[in-house]
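2 protein chains.
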Amino acid sequence: MWRVFFTSAVVAVVVRSAMNWCDSGKCGHFGAGGFIIWDISGGQEDYSYQELLPVAIIGVIGGLLGALFNQLTLYITKWRRTYLHKKGKRVQIFEACLISLITSTVSFVLPLLRKCSPCPELETNSGIQCPHPPGTDGNFVNFYCSKDNEYNDLATIFFNSQDDAIRNLFSAKTFHEYSAQSLITFLVMFYSLAVVTFGTAVPAGQFVPGIMIGSTYGRLVGMSVVKFYKKLNVDEGTYALLGAASFLGGSMRMTVSLCVIMVEITNNLQLLPLIMLVLLISKAVGDFFNEGLYEEQARLKGIPLLDSRPKQVMRNMNAKDACKNQKVVCLPRVSRVVDIVSVLQSNKHNGFPIVERGQNGESLVIGLILRSHLLVLLQSKVDFQNTPFPCGPGILNRHNFSDFVKPASSKGKSIDDIHLTDEELGLYLDLAPFLNPSPYIVPEDMSLAKVYNLFRQLGLRHIFVVPRPSRVVGLITRKDLLLEEDGNTATTELQSTSVRAYLNGKTAGGSAHLERPLLDSLMIGGVNT
Amino acid sequence: MWRVFFTSAVVAVVVRSAMNWCDSGKCGHFGAGGFIIWDISGGQEDYSYQELLPVAIIGVIGGLLGALFNQLTLYITKWRRTYLHKKGKRVQIFEACLISLITSTVSFVLPLLRKCSPCPELETNSGIQCPHPPGTDGNFVNFYCSKDNEYNDLATIFFNSQDDAIRNLFSAKTFHEYSAQSLITFLVMFYSLAVVTFGTAVPAGQFVPGIMIGSTYGRLVGMSVVKFYKKLNVDEGTYALLGAASFLGGSMRMTVSLCVIMVEITNNLQLLPLIMLVLLISKAVGDFFNEGLYEEQARLKGIPLLDSRPKQVMRNMNAKDACKNQKVVCLPRVSRVVDIVSVLQSNKHNGFPIVERGQNGESLVIGLILRSHLLVLLQSKVDFQNTPFPCGPGILNRHNFSDFVKPASSKGKSIDDIHLTDEELGLYLDLAPFLNPSPYIVPEDMSLAKVYNLFRQLGLRHIFVVPRPSRVVGLITRKDLLLEEDGNTATTELQSTSVRAYLNGKTAGGSAHLERPLLDSLMIGGVNT
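These protein sequence lines are chains W and V, in that order.
Using UniProt numbering, you'd call the opening residue of the first sequence number 1 and step up by one each time.
Using UniProt numbering, you'd call the opening residue of the second sequence number 1 and step up by one each time.
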């Protein structure tokens with residue numbers, strides 16, 4: 001957090017100085033803009049409680065349209081995955097090109113069909129010109145209009161960059177700029193295009209299109225508010241902003257973060273309560289129908305996202321119930337390569353407990369090894385040994401951490417990619433240096449709700465379910481973790497023992513195994529556990 | 001979060017309507033104000049990179065003064081606890097009265113000693129009058145000045161409510177309102193008073209005094225900036241705001257939240273980068289000397305606050321090391337009352353593992369009982385029984401959850417408060433219904449850094465350190481926790497078994513103990529574990 005914060009501060013200062021330097025216009029388009037993308041100052045500064053009804057209506061519309069958007073994109077994505085994208089990459093490229101062509105055609109042809117309107121009389125100090133001078137970005141676009149003092153309201157939003165279109169929709173003091181007919185046409189076409197475009201093989205965000213859709217119907221509602229509440233000092237642009245918030249709330253279901261974002265990009269703190277309200281209503285309405293856009297898509301992709309709270313039913317289940325249908329596949333500490341390969345081929349588990357016989361013949365669980373790490377070891381082959389317990393200095397540093405890191409842009413290795421000779425299959429592999437020596441454990445009759453919290457809070461991937469312990473070695477309390485000087489001296493002593501044990505290559509057995517295996521520090525983060 | 005958010009939205013709307021209703025002035029002082037406490041609009045809207053140096057200087061001053069403040073309050077609080085407050089409550093009341101008297105005298109006498117200054121020429125549309133009309137709150141206080149068009153700059157900040165004083169220090173377009181001499185006098189006196197007042201037996205915040213101190217030296221720096229960078233469009237009030245942020249950052253060491261607060265109370269998003277920078281510098285400088293104000297005070301009070309990250313040394317320690325000097329005191333499931341009493345008297349532990357003999361004679365840890373719960377049981381006496389294993393329907397609902405809740409405003413019961421007859425001491429107590437059946441456990445050789453994360457993320461109070469498990473019953477992965485319809489049916493079945501076992505009063509033994517004891521649902525939250 002601290003680093004992110006520092007970076008933001010530096011970025012802000014640097015951008016500010018660069019913008020100052022560019023103020024004279026020598027940087028072209030780069031000098032324009034700023035942190036406040038859509039400044040709505042100059043518009044409505046206040047609101048009355050009569051406006052709560054139209055604001056609530058915007059919230060409901062946002063919830064409905066947002067939920068519909070999520071549902072439609074879900075269906076289309078499913079269809080794409082099952083039918084379309086299986087036919088190869090050419091189909092994906094063709095699809096993207098086709099949608100791009102449709103979008104361009106619609107953006108150009110629809111405004112052409114629309115008649116131009118005469119320019120309204122604008123306040124001279126508002127900084128808005130109608131039509132705006134050619135070659136500049138601005139409101140009131142003259143799009144093949146016959147007369148000079150006319151503008152095309154559909155082209156003002158359709159045939160424009162999305163940034164400018166939003167600025168035009170948010171603009172204050174531009175009453176009756178858009179006809180209801182144009183806004184509805186735009187809404188229907190843009191909504192359909194956004195649904196179809198989402199999920200094509202093109203990297204594209206959902207934020208700006210969402211603001212576009214929302215601000216369109218927001219402005220529509222704003223127009224009727226201006227018409228019906230003539231006495232109030234309302235502005236259509238304010239309602240466009242609220243509409244944008246409502247659609248994002250209804251689709252993405254974020255509340256607090258969205259609120260902060262909306263305030264940041266528009267620099268208006270006065271409207272915060274209204275934005276809050278609209279977000280709440282749209283989220284509540286949307287939640288009635290389905291889940292948020294990103295949750296739906298993540299679920300479709302098979303990503304195991306856990307909700308923030310365990311399901312009620314988990315309170316009556318225990319840890320053992322969650323792994324009832326499973327057979328645990330263990331590996332001994334020193335395994336034959338052929339055994340490891342057959343274990344990896346026979347199942348799809350991602351982690352295997354490692355079990356060893358203790359001094360008194362009892363079995364002991366000494367850790368967890370990940371499938372991906374086993375695959376790395378099998379592929380590199382440098383750790384294969386002829387006898388189960390070779391003499392000598394023990395483990396040498398034959399690996400770097402980076403060997404075990406999964407590449408971000410691949411699906412990882414598969415056991416089928418690894419080819420071993422018969423001779424290699426007969427060798428042994430000591431897994432001790434590569435395992436996670438202490439994965440989190442829970443007793444088998446722990447409430448599943450508690451296990452759930454453990455997963456969720458620590459971001460775990462695997463957890464061992466073990467029998468109820470037979471004795472308690474000690475109790476740790478919070479105060480034990482506030483190490484004072486005492487703790488420090490105790491540690492230095494311990495550290496040296498641990499290092500000694502490590503250098504011996506093999507520990508004394510019993511409960512004290514290799515205390516700091518190679519990958520241990522990778523695992524402390526919790527993500528890999 | 002969702003509920004907090006909803007509440008805020010409702011509050012905002014209600015306050016807004018109430019303020020509208022009060023606009024006519026019929027509510028007295030209640031109609032004034034709003035969400036933006038100190039509106040600094042009308043001041044500096046922009047900044048140049050030359051201002052980064054004075055801003056950095058403000059950050060350094062804030063860090064130094066904040067760290068000094070923390071250190072001084074720490075010493076004084078220590079002295080209070082060891083000497084002053086042991087002498088009884090009268091001393092505390094006398095101390096508070098004395099400090100209040102000193103504060104009043106200083107606030108009144110110091111401005112009297114200061115000469116009045118002639119009113120400057122103010123822009124007519126700035127809304128500021130000099131001196132402000134008697135009977136109203138405002139800037140430029142005429143405090144026993146001989147002439148009508150004079151004001152006393154020290155009284156403007158000293159002899160005023162702190163809210164108004166801050167508004168006056170933040171005020172824009174009031175160049176040279178304060179003399180450096182007055183500001184320095186105020187800073188020294190107010191700083192000393194704040195140090196002495198913090199920790200008296202009076203509930204008082206640290207936020208507004210912090211803003212006062214910071215805005216004083218901020219305005220001082222601002223005055224020299226105005227003097228040296230004459231070409232720049234800077235405002236002294238802006239620097240007062242930055243000074244306030246710097247002192248809070250240097251003392252409380254919050255960054256992100258403080259940033260949001262400063263923007264919220266001043267409604268200026270343009271200055272956010274500067275506020276960020278000043279907070280970063282002051283926090284960094286302060287961290288060099290000591291910890292934040294609240295952390296220092298919490299440590300002094302013995303509250304075991306855990307840092308967000310484990311100490312580096314913990315990576316080389318394991319769970320067993322953290323409880324080396326401890327002797328674990330266990331209780332059997334059915335204990336004699338006299339044994340429980342003697343255990344409670346002989347140590348100060350807050351939790352005790354409960355151990356039972358299984359069917360095959362091996363011992364099994366069946367849960368954890370808290371000292372406070374044992375005390376409740378001993379005091380109520382209704383659960384005492386004549387024989388270790390009575391026949392009959394088992395546990396009746398003789399307790400409510402509320403019996404076990406610790407009152408918020410007391411230190412809890414002590415074993416010395418409980419008086420039992422000899423006859424009662426000879427009875428038995430079955431602890432099974434009252435224990436936490438599955439506290440979190442860690443194997444004894446788990447890295448202490450991992451244990452630390454467990455405590456910190458789950459908010460635990462106790463954890464059991466157990467021997468390394470001998471076998472793995474199962475592995476739970478994230479996907480196992482995404483219950484589908486399958487999971488639901490499996491549960492209903494389980495639930496009935498568990499209920500049956502519960503009604504039998506005693507379970508079959510082995511690993512399946514009482515699965516839902518009375519207090520279990522209290523414990524799932526994690527805080528009580």
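Hint data in this document are derived by calculation from the structure and do not stem from the laboratory.
Wrong hints could be hidden among the right ones.
[Stated by the list, open to error] In silico SDA-like links for lysine to any residue, alpha-carbon gap of 25 Å or less:
id	chain 1	residue 1	chain 2	residue 2
1	V	K301	V	K173
2	W	K479	V	N350
3	W	K227	V	K301
4	V	K173	W	K227
5	W	K26	V	T421
[Stated by the list, open to error] Over the 10 Å line for every Cβ pair with chain V, so calculated as not near, a few chain W residues:
id	residue
6	S8
7	C22
8	Y49
9	Y75
10	S146
11	K173
12	T185
13	K231
14	I261
15	C323
16	K324
17	H462
18	G474
19	T477
Because the structure is a prediction, the values reported are computed rather than measured.
Glycine residues also receive a C-beta, built at the ideal position from the N, C-alpha and C atoms.
A quick look at each hint next to the structure:
The suggested pairing of V/K301 with V/K173 is violated, with an alpha-carbon distance near 46 Å, which exceeds 25 Å. Restraint check for W/K479 and V/N350: the C-alpha separation of about 12 Å stays at or below 25 Å, so the hint holds. For the hint pairing W/K227 with V/K301, the CA-to-CA distance comes to about 63 Å; that exceeds 25 Å, so the pair is violated. Annotation: proposed proximity of V/K173 to W/K227 is violated, straight-line Cα distance about 41 Å (limit 25 Å).
Of the supplied pair hints, the one linking W/K26 and V/T421 is violated, its CA atoms being roughly 94 Å apart against a limit of 25 Å. Annotated as non-interface, W/S8 brings its C-beta within 10 Å of a C-beta of chain V; the closest such distance is 7 Å. Here W/C22 stays apart from chain V, with its beta-carbon at least about 13 Å from theirs, past the 10 Å limit. Not every Cβ of chain V is farther than 10 Å from the Cβ of W/Y49; the closest lies at roughly 5 Å, contradicting the non-interface assignment.
Every C-beta of chain V lies more than 10 Å from that of W/Y75, the closest at about 21 Å, which supports listing it as non-interface. For W/S146, the requirement that its beta carbon stay farther than 10 Å from each beta carbon of chain V is met, with the minimum near 42 Å. Once the 10 Å rule is applied to beta carbons, W/K173 is consistent with being away from chain V; the minimum gap is 19 Å. Separation of W/T185 from chain V is adequate, the least Cβ-Cβ distance of about 33 Å exceeding the 10 Å criterion.
The claim that W/K231 is not at the interface with chain V holds, since no C-beta of that chain comes within 10 Å of its own (minimum 14 Å). The beta carbon of W/I261 sits about 12 Å from the closest Cβ of chain V, which is more than 10 Å, so the claim that it is off the interface holds. Separation of W/C323 from chain V is inadequate, the least Cβ-Cβ distance of about 3 Å not exceeding the 10 Å criterion. Not every CB of chain V is more than 10 Å from the CB of W/K324 (nearest about 7 Å), against its label as outside the interface.
A cut-off of 10 Å between C-beta atoms contradicts the statement that W/H462 is not in contact with chain V; the least separation is 6 Å. For W/G474, the shortest C-beta to C-beta distance to chain V comes to about 3 Å, within the 10 Å cut-off, and the non-interface label is violated. Remark: the non-interface label on W/T477 conflicts with the geometry, its nearest Cβ contact in chain V lying 6 Å away (cut-off 10 Å).
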